[in-house]
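Using the hints, position chain X against chain L.
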Amino acid sequence: MKKILVLMLTLVTALSLTACGGSKDSKETSGKASSEDSDIAYVKDKGTLVVGITDFEPMDYKDESGEWIGFDADMAKAFAESLGVKAEFVEIDWDNKIMELDGKTIDCVWNGMTLTDEVTSSMSCSNAYCNNAQIVIVPKDKADKYQDKDSLSDLTFAVEAGSAGEEQVKALDLNYTAVKAQADALMEVAAGTSDAAVIDSLMAAAMVGEGTSYADLTYTVGLNNEEYGVGFRKGSDLTEALNEFFSSSHKDGSMTTCAETYGVQAAVIEQ
Amino acid sequence: MEQILEQLPIVLKALNIGFLQTLKLFFVTLIGAFPLGLIIAFGSMSRFKPLSYFTKIIVWIIRGTPLMIQLLIIYYFPGLVLHNPVWGGGETGRFVAASVSFILNYACYFSEIYRGGIQGVPVGQEEAGLVLGMTKGQIFFKITLLQMIKRIVPPMSNEIITLVKDTSLARIIALQEIIWAGQAFMKGSQGISGAIWPLFFTAVYYLICNGILTVLLGQLEKKLDYFK
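For the record, the sequence lines run as chains L and X.
Position 257, counted from 1, in the first sequence is what the working numbering calls 257; the numbers after and before it change by one each time, with no gaps.
Position 102, counted from 1, in the second sequence is what the working numbering calls 102; the numbers after and before it change by one each time, with no gaps.
Honestly, the hints are just simulated from the structure, not real lab data.
Source: prediction; values computed, not measured.
Errors might be hidden in some of the hints.
Unchecked claim - Examples of chain X residues lying across from chain L (beta carbon under 8 Å, computed):
#, residue
1, GLY88
2, PRO155
3, ALA184
4, MET186
5, LYS187
6, SER189
7, GLY194
What the hints assert, rightly or not - BS3-like mimics (lysine-lysine), calculated; alpha carbons at most 30 Å apart, straight line:
#, chain 1, residue 1, chain 2, residue 2
8, X, LYS24, X, LYS150
9, L, LYS62, X, LYS24
10, L, LYS180, X, LYS13
11, X, LYS24, L, LYS180
12, X, LYS165, X, LYS24
Virtual Cβ for every residue (Gly too), placed ideally from N, Cα, C.
Isolated chain L, as found in the complex (with noise of 0.2 Å):
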């Protein structure tokens, strides 16, 4: 019995080691050839553009239907058609957008995307195409206090870990605790545990305020501006086709067009 077991077993570890190590081979060299060439020769092999998102009004949100749609969305839509490829939208962790990008399980991170040093330094970014703030928000009864930078030494903040906002406060030397998203940085204000949160101001509009769960929060000091781009693979061919269709349906007005149907119009930049 014991012997039949032995030996099963070890058929079965041989046969998956040979299995696994053919696919990997033929895969490996197929995946390589094209991709190493060129990302777009890639994207159109596969037939698809797999952009890596998260649920973010005005920028990747899904309608009724289920159907992507946000600024973002509507312009990747468009990019994936000038390549002649389908834009398959994917929701990941913010966190793990590095390693989602560079182990290809998406092919770029369109999402409202601030340019910090972290970003740039790991991803081929495109041209800027939106402007953003960092915005401090706290308790609405303690607003009036809180109105100039110079003010805000005494609070505790929270803020999103690897945000633009966290190199804020960082650059102020400011008193904060690093939560995993925006969302739970505001979620900390609200419930006392820290004094003020900084998030992007495009998400302030949508989150804060009257109607939502944090009628009680209210947003005051600007701490920057900053730009959205978005990411491909290091030394992708993507970036500069992304940039020349950004600059084309810029001229032709469909970028503004697109821009005007969520409401973000003013933050567009000039391509």
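Relative to the frame of chain L, chain X by itself:
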């Protein structure tokens, strides 16, 4: 409160979809890990030393590292290191990668429970079988296995209930299970943004699910109680 009632249908729909994903991962893990765990248990009890050392090392690695890291390694390693994203970026790929991680992880825990169950059957029982002229196979299936099953029900129940909650770890590779679905409303999704309560509400799903499981596993234990 009014606002919550207004949001409730949309939120419940999203949470149901998320919970379905949780349940899918739960059942797939059980179906995979029950037999794999038994195979690993035999491996670690084998008298063929290399095999038993090999399985023990595997069990040590899997039980000695966090499941979250295992998920990250299994999902991202093929693409990052081998330049061959075997799982793909879509929902199915993420689910398959999560299933593989969970099955491996839980099979290793199960294997130790099986081993305890098998080795807990007194040697006298096996000797009695031999005296009666039964083969080793007969002894295992007719004497040991049944008693093992009875013995392992309580520790297995523990692991099964833990598994329901552990499925939430799969969100690290963006598997959209119920916690992911609940958290989506904090950032804004389907017209609801900045809503905290859906995240906490997911606990109700886990509680009900584990309540049902506790009752079912308790009944199974009672059913097997007819022999000592």
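Hints and how they fare:
About 7 Å separates the beta-carbon of X:GLY88 from the nearest beta-carbon of chain L, less than 8 Å, and the hint is met. Restraint check, X:PRO155 versus chain L: the minimum CB separation of about 23 Å is more than 8 Å; hint violated. The closest approach between the C-beta of X:ALA184 and any C-beta of chain L is roughly 5 Å, which is under the 8 Å cut-off, so the hint is satisfied. Nearest Cβ of chain L to the Cβ of X:MET186: about 3 Å, under the 8 Å cut. The hint holds.
With a cut of 8 Å, the hint placing X:LYS187 at the interface with chain L holds, because the nearest CB-to-CB distance is about 5 Å. Here the hint on X:SER189 is kept, as its CB sits about 5 Å from the closest CB of chain L, short of 8 Å. Hint status for X:GLY194 relative to chain L: holds, with the closest Cβ pair at about 3 Å, below 8 Å. Restraint check for X:LYS24 and X:LYS150: satisfied, since their Cα atoms lie roughly 27 Å apart, inside the 30 Å limit.
The straight-line distance between the Cα atoms of L:LYS62 and X:LYS24 is roughly 24 Å, inside the 30 Å bound, and the hint therefore holds. Under the criterion of a C-alpha separation no larger than 30 Å, the hint pairing L:LYS180 with X:LYS13 is consistent with the structure, at around 25 Å. Taking the CA atoms of X:LYS24 and L:LYS180, the gap is about 26 Å. The hint holds against a cut of 30 Å. The straight-line distance between the Cα atoms of X:LYS165 and X:LYS24 is roughly 13 Å, inside the 30 Å bound, and the hint therefore holds.
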